[in-house]
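Chain order of the listed sequences is E and V. Just so we're aligned: the first sequence equals residues 1 to 425 in UniProt numbering. Just so we're aligned: the second sequence equals residues 1 to 215 in UniProt numbering.
No wet-lab data here; the hints were simulated from the structure. Nothing here was measured: the structure is a model prediction, and the numbers come from that model. Worth double-checking, as some hints may not be accurate.
To be verified - The calculated lysine-lysine pairs, modelled on DSSO-like cross-linking and capped at a C-alpha distance of 30 Å, are:
1. E:Lys405 - V:Lys85
2. V:Lys129 - E:Lys111
3. E:Lys33 - E:Lys72
4. E:Lys265 - V:Lys92
5. V:Lys85 - E:Lys189
6. V:Lys92 - E:Lys317
7. E:Lys184 - E:Lys418
8. E:Lys72 - V:Lys129
9. E:Lys91 - V:Lys124
10. V:Lys85 - E:Lys373
11. E:Lys111 - V:Lys124
12. E:Lys35 - V:Lys92
13. V:Lys85 - V:Lys129
14. V:Lys129 - E:Lys373
15. V:Lys124 - E:Lys72
16. E:Lys317 - E:Lys373
17. E:Lys257 - E:Lys242
18. V:Lys129 - E:Lys35
Each chain, letter by letter, is given below.
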Amino acid sequence: MSQFIIVDNGSYNIKSGYSTFEEPMIQSNSITKTKDGSIYISNDYRNTNNHSGIIFKRPHDQGNLVSWETEKLVWDYAFNEISTQYITSSKTSKSKSKTMDFSSDSEIDFKSLGLILTETPFQLPQLSINTDQIVFEEFEFQNYYRCIPQSLVPWTLDTDIENDFNLIIDCGFNATWIIPVIYKSVYWKGVKKLPIGGKLLNGLLREFISFRHYDINEDPILINTIKESTCFMAANFNEALKTKEANYCQFILPDFKTTTTGYVKKNDGKPLQDNGDLQSLNLVDERFVIPESLYHPEIIFDNSPNNNSIIHSTSFKNLSDLVIESIMSSPEIARPLLSQNISIVGGTSLLPNFSERLKTEISKELPQDWKIKILHNDYRNDLTNWYGGLILSQSDIIDNITISKQDYYEHGSNWCQKQFGFKNI
Amino acid sequence: MFVEEVPKKSNANSSTIYFTSSINLTARPSRINHDVDVQPVAKKAKINYNLNDLMTAQLQSNDSQQSSGPLKSSQQITLERLTSKRLLDLSKEGPVTNFELPKNYESKNNSKKNKQGNTPGTKKILSAKRNLNSYFEEERNLVSINSILSLNYQYLDQYDYLSSSKKNKKEKIFRPRIKLCCICSNVSNYARCHICGLFFCSIRCNRVHQESRCN
Numbered sequence: 001m002s003q004f005i006i007v008d009n010g011s012y013n014i015k016s017g018y019s020t021f022e023e024p025m026i027q028s029n030s031i032t033k034t035k036d037g038s039i040y041i042s043n044d045y046r047n048t049n050n051h052s053g054i055i056f057k058r059p060h061d062q063g064n065l066v067s068w069e070t071e072k073l074v075w076d077y078a079f080n081e082i083s084t085q086y087i088t089s090s091k092t093s094k095s096k097s098k099t100m101d102f103s104s105d106s107e108i109d110f111k112s113l114g115l116i117l118t119e120t121p122f123q124l125p126q127l128s129i130n131t132d133q134i135v136f137e138e139f140e141f142q143n144y145y146r147c148i149p150q151s152l153v154p155w156t157l158d159t160d161i162e163n164d165f166n167l168i169i170d171c172g173f174n175a176t177w178i179i180p181v182i183y184k185s186v187y188w189k190g191v192k193k194l195p196i197g198g199k200l201l202n203g204l205l206r207e208f209i210s211f212r213h214y215d216i217n218e219d220p221i222l223i224n225t226i227k228e229s230t231c232f233m234a235a236n237f238n239e240a241l242k243t244k245e246a247n248y249c250q251f252i253l254p255d256f257k258t259t260t261t262g263y264v265k266k267n268d269g270k271p272l273q274d275n276g277d278l279q280s281l282n283l284v285d286e287r288f289v290i291p292e293s294l295y296h297p298e299i300i301f302d303n304s305p306n307n308n309s310i311i312h313s314t315s316f317k318n319l320s321d322l323v324i325e326s327i328m329s330s331p332e333i334a335r336p337l338l339s340q341n342i343s344i345v346g347g348t349s350l351l352p353n354f355s356e357r358l359k360t361e362i363s364k365e366l367p368q369d370w371k372i373k374i375l376h377n378d379y380r381n382d383l384t385n386w387y388g389g390l391i392l393s394q395s396d397i398i399d400n401i402t403i404s405k406q407d408y409y410e411h412g413s414n415w416c417q418k419q420f421g422f423k424n425i
Numbered sequence: 001m002f003v004e005e006v007p008k009k010s011n012a013n014s015s016t017i018y019f020t021s022s023i024n025l026t027a028r029p030s031r032i033n034h035d036v037d038v039q040p041v042a043k044k045a046k047i048n049y050n051l052n053d054l055m056t057a058q059l060q061s062n063d064s065q066q067s068s069g070p071l072k073s074s075q076q077i078t079l080e081r082l083t084s085k086r087l088l089d090l091s092k093e094g095p096v097t098n099f100e101l102p103k104n105y106e107s108k109n110n111s112k113k114n115k116q117g118n119t120p121g122t123k124k125i126l127s128a129k130r131n132l133n134s135y136f137e138e139e140r141n142l143v144s145i146n147s148i149l150s151l152n153y154q155y156l157d158q159y160d161y162l163s164s165s166k167k168n169k170k171e172k173i174f175r176p177r178i179k180l181c182c183i184c185s186n187v188s189n190y191a192r193c194h195i196c197g198l199f200f201c202s203i204r205c206n207r208v209h210q211e212s213r214c215n
């Protein structure tokens, strides 16, 4: 069986690794420019201290992989990282008897490797064709399989029954996708998208804090840290709003002496041992109002500067509405099965209390006698897709669904898109 | 040009015929202009030889006539424009979101192989520097472009003035909007700024609002 590289090409992080890896390596999918003008690829910016004024250049635009001149550099970086890891791990595990495929200077030869790549659902066909061309003509992979990341999730689930009907809710950086997967193939008619993801929550948090506390417009990394360390889904939003003082927390801003990232002050009653230098943010309702925009999208629009009466009179569908719509647009016999096999993946779903809240919201809408079950996964939510690809690469099916380089050169990239692309609905 | 597409709407009975031979017409190009009865060949657009594409195009046009109903109202279009503008604003990660890479920028890791593109095709892709909108523009005629674009607005409840029968109203889910004060995020039950329409919860917040945010 041929060796594969699995790349979950998310718009925030690339999760990549060889099919022999225990866990993926995570690389930031970006090129950054710091305030002093130096440019870093992917994770390299983390070695610098001051992230203020950093500019991100991302290859994805609204989830679509647009800018290959950026992505190529990031992929080169990522592949270099995983190959170094691969060589060191195989050196330690295997004895010297087996000769290496690679020469010692970590030169990577993709010609004997396969690639499993993910891309956003409903990518523009032209962009997918670009991707295929780069994969075969630039990196020269031997075998290639491209799919949407959510379709890999069913592979991570164990039992056979659970594998047949799945509803995947992928709350990622760019958007939230709701995708029914039936017999491991995507049911395109039921695919729904809510354009609210981690990036948008960051923007909302930035607006809140910049208005109420300090101007943090130029610190995207700090905003992300604040979100990840303080935000959570309220179990009951109205209750939480009434008793919001209970959720008071203090976030210590970086002062570049004791901390460069900032942290949440532990609530142990001790006063801060500061000498007047430490600045802090007092966060109360921001912590749960911002994630709440998944269930009340009007939070995003109502308090915007360019307010308009049209927006005021519109009703928005929230996450649970779209989940219900997605279930109801599936074949009737599959509906209760879908509601019993919900999987939650994606980085934004790591917000505390995310799945419990989703379960209560859905159960309000579905018929009373339907069971609602959110499947437990052994993997971290944002890495599940990659593990799905890993398991897929080890099964026999992979040989039937990949496209080889010979096929590509015979039929061309349009044919490639026909094999992998979404089916028109 | 030996084969040309039969115009889709010209003949309903012969909808199964996709191509016709026009050898005789093109064989005498010079005399065509004088002949009134012959169709002006020169005006023919590009010919699509892909039978599959033609079929899906035809299926699609049949579909859209039956199911998609009335076109978007102007109100709907304004709404989509406003909301997507707001979403784009929030999605920006900072005041500057893009920068030019220096020419021939390459990482330290792969100095050995830095030529841009092995083949003409990839060379073009790797130096394209296009944005998403230009791709959308290019694919405007794509069969599935509407289903791709409409995905972004699934969360907006569609206005449906033309077919707003009683049945539709019943199906519509009503959920009370959350009204949060624009200053302190308390629930704002009744009040709204008469100038800009933002919510506030108390007189104190309104005063702050008028000093800071109201414009």
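Problem - Restraint status (C-alpha distance of E:Lys72 to V:Lys129 at most 30 Å) - result: Since the Cα atoms of E:Lys72 and V:Lys129 sit roughly 13 Å apart, the hinted pair holds (cutoff 30 Å).
Practice task
Given the hint that V:Lys129 pairs with E:Lys111, test it: the Cα-Cα distance must not exceed 30 Å.
Solution key: The given pair, whose Cα atoms are some 28 Å apart, holds under the 30 Å limit.
Handout entry: Hint consistency between V:Lys92 and E:Lys317 [alpha-carbon to alpha-carbon, up to 30 Å]
Key = holds (23 Å)
Exercise for the section: Mind checking the alpha carbons of V:Lys129 and E:Lys35 for me, to see if they're no more than 30 Å apart? Expected result: Holds. V:Lys129 to E:Lys35 sits at ~23 Å (cutoff 30 Å).
Exercise for the section: Mind checking the alpha carbons of E:Lys317 and E:Lys373 for me, to see if they're no more than 30 Å apart? Expected result: Given pair E:Lys317, E:Lys373 holds - Cα atoms ~22 Å apart, limit 30 Å.
Handout entry: Restraint status (C-alpha distance of E:Lys111 to V:Lys124 at most 30 Å)
Key = holds (22 Å)
Practice task
Starting from E:Lys405, check that the Cα of V:Lys85 is at most 30 Å away, please.
Solution key: violated (42 Å)
Problem - Holds or violated: V:Lys85 to E:Lys373, with C-alpha atoms at most 30 Å apart - result: violated (36 Å)
Practice task
Could you grab the alpha-carbon distance between E:Lys184 and E:Lys418 and see if it respects the 30 Å cut-off?
Solution key: holds (18 Å)
Practice task
Would you check the hint for E:Lys265 and V:Lys92, treating anything up to 30 Å between C-alpha atoms as holding?
Solution key: holds (29 Å)
Handout entry: Hinted pair V:Lys85 and V:Lys129, Cα distance within 30 Å
Key = holds (23 Å)
Problem - Pair hint V:Lys124 and E:Lys72, alpha-carbon separation not exceeding 30 Å - result: holds (13 Å)
Taken one by one, the earlier hints fail for this structure at numbers 1, 9, 10, 14, 17, listed in ascending order.
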